[in-house]
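Visitor: For chain A, the structure is supplied; the task is to place chain B on it using the hints.
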Amino acid sequence: MNKKILSIIPAYNEEASVGKVIDGIRKSFPESDILVVNDGSNDKTSKQAREKGAIVLDLPYNMGIGAAMQAGYIFAQQNGYNIACQVDGDGQHCPEELKRLTEPILNGKSDMVIGSRYLHKTDFQSTLPRRIGGKFLSLALLVMTGKKVTDPTSGFRAANKNVINLFAAEYPTDYPEPEALIQLYKKNLTFQEMPTTMHKRESGTSSINTVQAIYYMIKVMLSLIIGMIKSYK
Amino acid sequence: MPIAQKLIAIILSVSLLLFIIELIRRRHLKERYALLWLATGVILLILSVNTNLLFYISGLLGIAVASNALFFLSIIFLVLIVLSLTVVVSSLSKKNVRLTQEFAILSRRLEEISIRLQMQDGDNKKS
Numbered sequence: 001m002n003k004k005i006l007s008i009i010p011a012y013n014e015e016a017s018v019g020k021v022i023d024g025i026r027k028s029f030p031e032s033d034i035l036v037v038n039d040g041s042n043d044k045t046s047k048q049a050r051e052k053g054a055i056v057l058d059l060p061y062n063m064g065i066g067a068a069m070q071a072g073y074i075f076a077q078q079n080g081y082n083i084a085c086q087v088d089g090d091g092q093h094c095p096e097e098l099k100r101l102t103e104p105i106l107n108g109k110s111d112m113v114i115g116s117r118y119l120h121k122t123d124f125q126s127t128l129p130r131r132i133g134g135k136f137l138s139l140a141l142l143v144m145t146g147k148k149v150t151d152p153t154s155g156f157r158a159a160n161k162n163v164i165n166l167f168a169a170e171y172p173t174d175y176p177e178p179e180a181l182i183q184l185y186k187k188n189l190t191f192q193e194m195p196t197t198m199h200k201r202e203s204g205t206s207s208i209n210t211v212q213a214i215y216y217m218i219k220v221m222l223s224l225i226i227g228m229i230k231s232y233k
Numbered sequence: 234m235p236i237a238q239k240l241i242a243i244i245l246s247v248s249l250l251l252f253i254i255e256l257i258r259r260r261h262l263k264e265r266y267a268l269l270w271l272a273t274g275v276i277l278l279i280l281s282v283n284t285n286l287l288f289y290i291s292g293l294l295g296i297a298v299a300s301n302a303l304f305f306l307s308i309i310f311l312v313l314i315v316l317s318l319t320v321v322v323s324s325l326s327k328k329n330v331r332l333t334q335e336f337a338i339l340s341r342r343l344e345e346i347s348i349r350l351q352m353q354d355g356d357n358k359k360s
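Chains as they are written, first to last, in my numbering: chain A, 1 to 233; chain B, 234 to 360.
These aren't lab readings, by the way, just hints derived from the structure by calculation. The model shown is predicted, which means the values in this text are computed figures rather than measured ones. Certain hints may be false.
[What the hints assert, rightly or not] With a cut-off of at most 25 Å between alpha-carbon atoms, the simulated SDA-like pairs for lysine to any residue come out as follows: (1) A/Lys47 to B/Thr333; (2) A/Lys186 to B/Ser340; (3) A/Lys230 to B/Val312; (4) A/Lys99 to A/His120; (5) A/Lys52 to B/Leu339; (6) A/Lys161 to B/Val312; (7) B/Lys327 to A/Lys109; (8) A/Lys99 to A/Leu128; (9) A/Lys147 to A/His120; (10) A/Lys109 to A/Lys147; (11) B/Lys263 to B/Val312; (12) B/Lys358 to B/Ile348; (13) B/Lys327 to A/Gln78; (14) B/Lys328 to A/Tyr232; (15) B/Lys327 to A/Tyr61; (16) A/Lys47 to B/Ile338; (17) B/Lys327 to A/Ile225; (18) A/Lys52 to B/Ser347; (19) A/Lys20 to B/Arg341; (20) A/Lys44 to B/Glu335; (21) A/Lys230 to B/Val322; (22) A/Lys230 to B/Val315; (23) A/Lys47 to B/Lys263; (24) A/Lys44 to B/Ile338; (25) B/Lys327 to A/Ala169; (26) B/Lys327 to A/Asp58; (27) B/Lys328 to A/Met228; (28) A/Lys230 to B/Leu316; (29) A/Lys219 to B/Asn329.
[To be verified] Here are some, though not all, of the chain A residues that point toward chain B, as calculated from beta-carbon distances under 8 Å: (30) Val56; (31) Met63; (32) Ala67; (33) Ala71.
All C-beta atoms in this analysis are idealised placements derived from N, C-alpha and C, irrespective of residue type, glycine included.
Okay, chain A solo, but in the shape it has when bound (with noise of 0.2 Å):
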């Protein structure tokens, strides 16, 4: 049987590179849907998406990556998909490697696939501080799940049915990626890494300094922390 596939898109003002994300999936990957959640963007991230012939979900307005993420896990479980990407749409991620990230889920080795770049050199530089707030999250998730991620923070990733329907239950909205990872370890539901390269973001801006990732370090931690501790019905 043909497996249903949803790739999702979430983007906020992604106006100069969800078009070049969604071209991309199309190509390498033809045989997933391409759905693009609009987080309130005040852009033309919507029309550059419809215009590229993705499905559209327009937020109207802007809830965060969790709550938009969620919504397309909502969308693939509501239109019966076997199997739900995550790509961002600020074309960091190789779409070509999206059909390698599907392939453990399709044989039914994990139920969720995470595209790392740590996992092998690459020649992928992120900054000092982001480097060190990476290393010191794996640490807390290897303590707390006693599993090693290197790239919690990735969003790009791979899940199949159960996961669909955890993530479109529940989801994370703050720090939506590494707590997610938790959720999992807590609901007996397996994820594995895979290494991915990524390009430098096309458009936008990510540079954070040294004090805001050590505020991000701890607000994270904390997050992990209340997961950790969360009940899951």
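Guide: Leaving out everything else, chain B in the frame of chain A:
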């Protein structure tokens, strides 16, 4: 306690009670939260009419000055109210997120259906 102070306390708590009742009457305050506020107003009224009760309570708590017992109790009460409001806000914002997501999905569906209807309409006119 001087009679003027007692009078002021009684007037204030009666006006608070009246204000709360008026809010309920105009449906500005939901019944769920109204009960808590009504109870607060009544307790305040009882304490201002019967000041000996306040002295008795502060005696029980081992607090020397009766007004400190009043402050202590009101702070506890305020903390509880603020906490319950935060719970309400959290639940509202969660529902709001869900509502917005469903809204986005439905409006896309509506758009899709109306385009299909228009196309059907066009086909009907042609034939």
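Visitor: Which of the numbered hints are not met once you compare them with the structure shown?
Guide: The structure breaks hints 2, 6, 7, 8 and 23; every other hint is satisfied.
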